[in-house]
Amino acid sequence: MSDLNITGVEGTVAIKPPPETPKLPPREWLKENLFSNKFNTLLTLFSTAILLMISRGLLSFIFNPERQWGSTATNLRLMMTQAYPEEQYMRVWVSVAVIFTLVGASMAIWNAGSRVTLRRLGSFLLSSGVVVNILTLLAPFSGQAKLIWLIIGSAVAGAGGTLLRVSDKDKNISSLTLVVATLAAAILSLWIVPFGHHSFVFERTPRSMAETGTVALTTKLPWTIMVVIGILAYFFGKTMTNRFPSKNLRPTIIGIWFLTPPTLLYLVLRDPDFDMGHVLNTDIPIFLIFAIAGGILLSWLTRPTTGEIGRVCAALVLLAGFGMFFTPMRMIIRILMLLLATFALAAPTFSGDSKKQRRYVLAWIGVSGVITWFVTAVNTPSTIEVPGDFFLGGVSLTLLVAIFTLVISFPIGILLALARTSKMPIFRILSTWFIEFVRGIPLITILIFFSIMVPLFLPKGMELSEVSAIVIGYSLFSAAYLAENVRGGLQSVTRGQHEAAEAVGMTTSQKTFFIVLPQALRVSIPPLVGHCIGVFKETSLLAIIGLFDILYIARNVIPNQTEFLGSTRENLLFVSLIYFFFAYQMSKASQRLERRVGLGER
Amino acid sequence: MNETENTETSASTRDLSNAPDMIVCEGVSKWYGDFQALDDVSATIKEQEVVVVLGPSGSGKSTWIRCINRLEHHQEGRIEVDGIELTNDLRNIEKVRSEVGMVFQQFNLFPHLKVLDNVTLAPIWVRKKPKAEAEEQAAALLERVGIPEQADKYPGQLSGGQQQRVAIARALAMEPRIMLFDEPTSALDPEMIKEVLDVMKELALSGMTMMVVTHEVGFAKEVADRIIFMDDGQIVETGTPEVFFSNPTEDRTKLFLSQIL
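Protein chains in written order, with the working numbering: chain A, 1 to 602; chain B, 1001 to 1261.
Treat the hints as calculated values from the structure; they're not laboratory data. Please read all numbers here as calculations on a predicted model, not as lab measurements.
Computed footprint of chain B on chain A; a stretch qualifies when at least three of its residues, placed anywhere within it, have a C-beta under 8 Å from a C-beta of chain B:
1) 345 to 354
2) 488 to 502
3) 514 to 528
Derived DSS-like pairs (lysine-lysine); straight-line CA-CA distance at most 25 Å:
4) Lys356/A / Lys1095/B
5) Lys423/A / Lys1095/B
6) Lys356/A / Lys1114/B
7) Lys355/A / Lys1128/B
8) Lys1095/B / Lys511/A
9) Lys356/A / Lys247/A
10) Lys1114/B / Lys247/A
11) Lys247/A / Lys1153/B
12) Lys1128/B / Lys247/A
13) Lys1114/B / Lys355/A
14) Lys1128/B / Lys511/A
15) Lys247/A / Lys1131/B
16) Lys355/A / Lys511/A
17) Lys1201/B / Lys1046/B
18) Lys1153/B / Lys1131/B
19) Lys356/A / Lys1131/B
20) Lys1153/B / Lys511/A
21) Lys511/A / Lys1131/B
22) Lys423/A / Lys511/A
23) Lys511/A / Lys1114/B
24) Lys16/A / Lys169/A
25) Lys355/A / Lys1131/B
26) Lys356/A / Lys1128/B
27) Lys1128/B / Lys1114/B
28) Lys588/A / Lys238/A
29) Lys1095/B / Lys1131/B
The beta-carbon is built from N, C-alpha and C at its ideal position, and this holds for glycine as well.
With the rest of the complex left out, here is chain A (with noise of 0.2 Å):
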């Protein structure tokens, strides 16, 4: 057909590559972006002024002589972790290594990181180099402090310069080798440059920091450490891809990230205390009956050939599962039914050959064991003993009320967008009235009602804490805003899309979760991220309720300190900082999710 045309084409017509664009001379540069009329001249000058003068300020602030660095410096443990205990805080690195080693081997996986060629480096570092001697010359520096700052802007400038002028134009290094480079530089400084103290020692003169403690309360070892594990995963992912398929190494790593934040929590931070003999007599039979019994009618619901009388026997399973809400039950029973009949009712969706069947009876029992032990875990008491309401406090509290958040928001968002366009009237009425009921209420107000009216209405004998009910508030409102999202993205999905899956005989569930779902969520990735970006900032309205998040600790107990009186400034300085990190990289990953996926591509 025309496909020998188009090789003939290709084999009379030499491919001529487009012409180069010169190089401007940096005066013309200049001249064309900077002062090309008299309007851009004054925008220039007036953004330069502005810009020098926001610059001096935050300098003369930064290097402020009354300025108690010390405040953050000395309480950086209590930023992170707030009152953790310090003989158990072996379990707090664990869980940092763990973090680490997951995104190691995440990076190496996924194929993280690209080429940056030397001559870019090169700029960067003349640039940032100028930019660190033009600060000093404007910062309030005495003559020794400004020299010795500028000899560094000079020399950073100048490698940068050298390397510009010396490297190939094709030479480039992996951008990982680099981010590792940096870490090791941070790491190395730790050992050299006294920072990073963790405890109330000093006498009179707040200079002399010093370590106390184990191991584990110090930051130099364990951080080491760190990064070292943090290589090693890399490593370790490699040989893994090498040795594994992909498309099967991925989903288990996804899996694995997903199991993480509950097992860290649960498992490591908190430290349940397992009654044994009712986990064994209990817990496990609870969850292998119902892993048997329920992985037998699964695959005899996923059959090709189980029609109509499946249906009705998943209606079943969801009708004694809301039935046992009326009767005296364990809530772990109540639960695994509900979860069985989902599963019930999505099984002539996933139904085929007998592999199919053997997966979706295993992500069944997966699915329904990690239950179980989170069940079983949460209703354990804590081992861990802290003054306050909650075991962790600062940074960590905040990361884990968010994770937990957009964890839990994620899927009662898609499932509100789907029911609002569905067809069906009454999860349409339904799911509109919540979202427009929950939108409607500030953030600050369900936070206030979940922490102290829910414990309220609670029947006898069931308690929750004031964090799980403040997450679970929380999730409520995310999902109400997410849904929105995500409906935007499947409005996007167009017309002809649902008709080209019904032709082809997919069934409303099938459309649903292949065809419709996978455009919408690749639509919604800019708003979603954005959505994710904001769940984190907002967990500082915990503040507010007295939750020991990191704004409360900036802003109410650090400056309390009696040695730090008034030190708000400072550290809410520092703790902007640190939600910018997190917020920067989310937004980052997201730019990167969207080029994976050829967002604006096709």
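Knowing the structure of chain A, use the given hints to seat chain B on it.
Okay, now just chain B, sitting in the frame of chain A:
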């Protein structure tokens, strides 16, 4: 597409009078609000028959063809596909849809799936075929429509003609007994129309029952067993290509032909 080919490939010389009925429409009517899109449409299409539906735009030909696999609901009359009547019963609709393949004007490939997955998705999850078997079949179908080398690309990386051929392969993967084509070449650049028509021609000669809404008169003359001409939601004239193009009876048909020929 030219006249000389007509004599050697015309399917209209076949005698289909004894073949069983595949699609039966009796008095089908449909309204969009107050506008009547289909007005008492009755027609019977035999097994292996190739029917081309012609007509000016807005004449209801797309609406009719979309009623046949219930992408649109008819409000009056009866449609029976391979002995199954189309009603609101979901099971009947699913059964009919898995017997009827459809090719759209805008291709409607799934942009997030590779070409191979576009073709295998429905056989795996609707027909419940094992994955390996479905992939083998998909490779064979892509070979048949002439693009075996594009299996690992995404639809967005293909030309319009290639995309439409993938869409045909996707429909064929369900092993349908009937194929519906809703203006399959209207969104294509002129030089790509032929490659799609060639595939459709091959399909018609292989004995597939086909109903084609198109403006390609050459294709109609060459391949069709029967031409149905529609206007204002009604069937105006029916006939074999020879009679229809050379000796139309109705004035509206003559007017239409004088405009397009």
